[in-house]
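Colleague: Assembly of the complex is requested from the two constituent chains, each provided in isolation within its own frame, with the hints serving as guidance.
The listed protein sequences correspond, in order, to chains A and B. Letter by letter, the first sequence follows residues 1 to 364 in the working numbering. Letter by letter, the second sequence follows residues 1 to 112 in the working numbering.
Rather than coming from a laboratory, the hints here were simulated on the basis of the structure. Where hints are given, some of them may not hold.
[Unchecked claim] Cross-link-like lysine to aspartate or glutamate pairs, in silico, EDC-like; alpha carbons within 16 Å at most:
no., chain 1, residue 1, chain 2, residue 2
1, B, LYS85, B, GLU69
2, A, LYS142, B, GLU86
3, A, LYS182, A, GLU147
4, A, LYS13, A, GLU24
5, B, LYS61, A, ASP186
6, B, LYS59, A, ASP186
7, A, LYS182, B, GLU62
8, A, LYS115, B, ASP100
9, B, LYS9, B, GLU94
10, A, LYS213, A, ASP99
11, A, LYS159, A, ASP296
12, B, LYS43, B, GLU6
13, A, LYS70, A, ASP99
14, A, LYS333, A, ASP215
15, A, LYS288, A, GLU243
16, A, LYS70, A, GLU42
17, B, LYS42, B, GLU6
18, A, LYS183, B, GLU62
[What the hints assert, rightly or not] Selected chain B positions facing chain A (Cβ under 10 Å, derived; list incomplete):
no., residue
19, ILE73
20, CYS95
21, GLY98
Glycine is no exception: its CB is placed at the ideal position from the N, C-alpha and C atoms.
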Amino acid sequence: MRRVAISSWATSKFAKDSGMSLLELACEPCAEILKNGVSGKEIDAVLFSSCATDQYSSTIISEMLGMRPKVSHRIDNLCNSGTNAVTSAFAMIASGLCDSALIIGAEKADSPGNKLLWDITRGSFMFPVHWAAIFAKAHMRKHGTTEEQMARVSVKNHKNAARNPQALFKKEVTLNEVMNSKKIADPIKLLDCSAPCDGASAVLLVSEGKAKKLDNPVWIKGIGQQTNSASFANATGDLTTIEAAKRAARYAFEMSRTNPSHIDVAELHDAFTILEILAYEDLGFSKKGEGGRFVDQHEIAINPRGGIIGCGHPIGTTGVAQVAEVASQLAGKAGRRQVNGCKVGLVHNLAAAGSSATVIIMGA
Amino acid sequence: MQEFIEHLKKGEFRMPTCTSCGGKAWPPSHRCPYCLSKTSLKKIGTTGILLEFTSSHIKGKEGIFGLVEMSGIKLVGSFGTGHLKEGMKVRMKECGVGSDGTAFYYFMPTKA
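The following block holds chain B by itself, in its conformation from the complex (with noise of 0.2 Å):
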């Protein structure tokens, strides 16, 4: 959904929310799949669960990323401390579009 990547490139995270039964489109859609009416952006809650991490050590993809659940959608976020455990609260600090064109949802420990 290019409006979502529109938000997403000045560091907004909406989510495509239908505009009937507000069921979440994830990954962003214009549609709800489950009532298939129309979506429109809207904010929600940033801080999640991390459910999993590791780390990359590939050339130009190192870090440490893990799956977190959020606001009842899942996406895998990058982080920037080692010092994390599974289960632990995390907040979206900042989203966007990197300069290789990917998507990125950084995340914190909501207390560090």
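Isolated chain A (complex conformation) (with noise of 0.2 Å):
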């Protein structure tokens, strides 16, 4: 297996609304990627990663941008999709079939995939802060995390956001406003949750012989990806866990040969601020029971760029946004936010209820 490398990352700004049709918005950060010493002769493979159902719009955001790559198609697997792009690039290229893939995210805050509406078993409380909403209150129940807890979360990743020139979100929130915030369903709060809007991302993958001519190229390490269902009722068994993300997170660990205790800076799924802390635990950052009282640690820096709290949550951008954001600190380009000597990163991403869950792991 060929080894695969991270050399080039853009991330629009994030907007409630960019003015922007969603491939225009596409195009965004793909073309700073080529403005900056990147020629779209080079890429062989064009994957777009989006719930929005246009139609063929990979292949239409490759013609706009004037490439004629190998392989170009979309990916939705809804709040992963990103990540499971990466996934599928990093396949290509491992295998040989393509030297270098580019992985666009692009999202409107009004994609039908803020919804999953096939999904039954949720009875007439089917939006995801409702499941999120009984994952926080068995884990309060079990083990006693605390409201506060949560809302500090939210505190942390505002204050990293306000960092993040590319983030929805500019200003520092404290404690009290999110404490006394509008209850959106108990205990989760407005300030708890994430909000959708138009963002893009993209990454450039490519093979170990092109990241030679690289200075410091960015390794992906390791990709562990599982799919448990994609209802709610069938994603997990203890509802104090995403057990798609223990999964994930293990093969992610095995195949980089790494532990927990390796990682410098991690990009989590923050949507809502439990899944932030279920994260400490399921990644084994935290015994399990004890992510309440990890949200003050200051060992790993967890979500630097503001996370999905911070910047927003473009579903489909998400996962790409959250490499992008790790590739950066390990490259030393995270400008204001820069995790002094990183050297390994971690994204953590899920979707629908962790129903399906991605750990990467990638390393300078």
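Modeller: Structure, rendered in structure tokens:
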């Protein structure tokens, strides 16, 4: 199997309304990559991650950007789409099918992916916040996690987002503001939730041969992906764990020959604050049941771009933007939010009630 | 599975059940997820256990809801009372498809 590196990345500014169509939005981060020394002629594959149902979108974007790649298609897997596109691109390059793959994530705020209408097991409480509230209740009851600990996740991620020029939210929030924000689904409040928005991000993956020309390539060391169900009903047995994430993490750590203690920087799926707390435990950063207390640790830089809560959640874009952030951190190019001395990074992403999960481990 | 929805619209909860191994296809499907044989709709017991519950404050979606385990499947039920406790026995009182087109499963404690 050939090694795969991340050679370039770009993320556009996330906004409530960008004033651009989905396809125009998708071109923005690609234009940044292609204008900075990468020729479109060198790109073998274009993978477009989006939950929008626009037909032939990946191929249209390729034409708009003047590219004639071998492979071009769209990947949809709800919030997990972007990280799943990375899995596919990795496999294409590792196998020798392609030498380079441009992964583009783009989504509009009104994406049809924001609700999974198919999942009839959710009854009339079918919004993502409803299953998240059940997870939060269970964790509070079984492990004594508090609303304040969840609120601290929001405070931290908004603080980080304030240093990220691409983030939707620029303002820090106080613990009181989170605690007193509007109740959505008990115990989840408005500031415990991410917001859908317009946003696009792109990363370019290349083969080992092409990476040799780079100064400081960032390598993909391991990928784990697990699909347990599509419905909330069958996603997990224990409501205090995302089982798919635990398994995806195990695969990724095994493949990369690393363990949680090696991780310096991580982008975790925090569409709701409770999910970041579950991730600490599912990834093995903290012991089971101690995720609530792990929020204030300082050993691992978690969600330095502001996570999903701070950046906004254009769902097909999120996984790509997470990978772009960790690559940028490992390359030492994260500007004002640079985590000093980070060598190994991790991306954790989920879809639909944690029914599927992806974990990617990267290293300089 | 359209047939499941048609019954649900009439207020009937009918479980797609495997004609070969008896497995339940939930979410509803025409094939059994265990042995892939065809399913047919069957009446099942509608008494279950309330695993976890909470309340929604979203405009138009206010109410108490909880995850129920019933006859080997899980589903999110609606509740009319706040006097609930995790682990309590609950029974499906009513089900159907609401005016907004979404399914609902209305539960009550077996002992009110």
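Colleague: None of the hints should be skipped; say for each whether it holds.
Modeller: We went through each hint and held it up to the structure:
{"no.": "1", "hint": "B:LYS85 to B:GLU69", "verdict": "14 Å, holds"}
{"no.": "2", "hint": "A:LYS142 to B:GLU86", "verdict": "11 Å, holds"}
{"no.": "3", "hint": "A:LYS182 to A:GLU147", "verdict": "13 Å, holds"}
{"no.": "4", "hint": "A:LYS13 to A:GLU24", "verdict": "13 Å, holds"}
{"no.": "5", "hint": "B:LYS61 to A:ASP186", "verdict": "13 Å, holds"}
{"no.": "6", "hint": "B:LYS59 to A:ASP186", "verdict": "14 Å, holds"}
{"no.": "7", "hint": "A:LYS182 to B:GLU62", "verdict": "14 Å, holds"}
{"no.": "8", "hint": "A:LYS115 to B:ASP100", "verdict": "14 Å, holds"}
{"no.": "9", "hint": "B:LYS9 to B:GLU94", "verdict": "11 Å, holds"}
{"no.": "10", "hint": "A:LYS213 to A:ASP99", "verdict": "13 Å, holds"}
{"no.": "11", "hint": "A:LYS159 to A:ASP296", "verdict": "13 Å, holds"}
{"no.": "12", "hint": "B:LYS43 to B:GLU6", "verdict": "14 Å, holds"}
{"no.": "13", "hint": "A:LYS70 to A:ASP99", "verdict": "11 Å, holds"}
{"no.": "14", "hint": "A:LYS333 to A:ASP215", "verdict": "13 Å, holds"}
{"no.": "15", "hint": "A:LYS288 to A:GLU243", "verdict": "13 Å, holds"}
{"no.": "16", "hint": "A:LYS70 to A:GLU42", "verdict": "10 Å, holds"}
{"no.": "17", "hint": "B:LYS42 to B:GLU6", "verdict": "14 Å, holds"}
{"no.": "18", "hint": "A:LYS183 to B:GLU62", "verdict": "11 Å, holds"}
{"no.": "19", "hint": "ILE73", "verdict": "7 Å, holds"}
{"no.": "20", "hint": "CYS95", "verdict": "9 Å, holds"}
{"no.": "21", "hint": "GLY98", "verdict": "6 Å, holds"}
The structure is consistent with each of the numbered hints, conforming to all of them.
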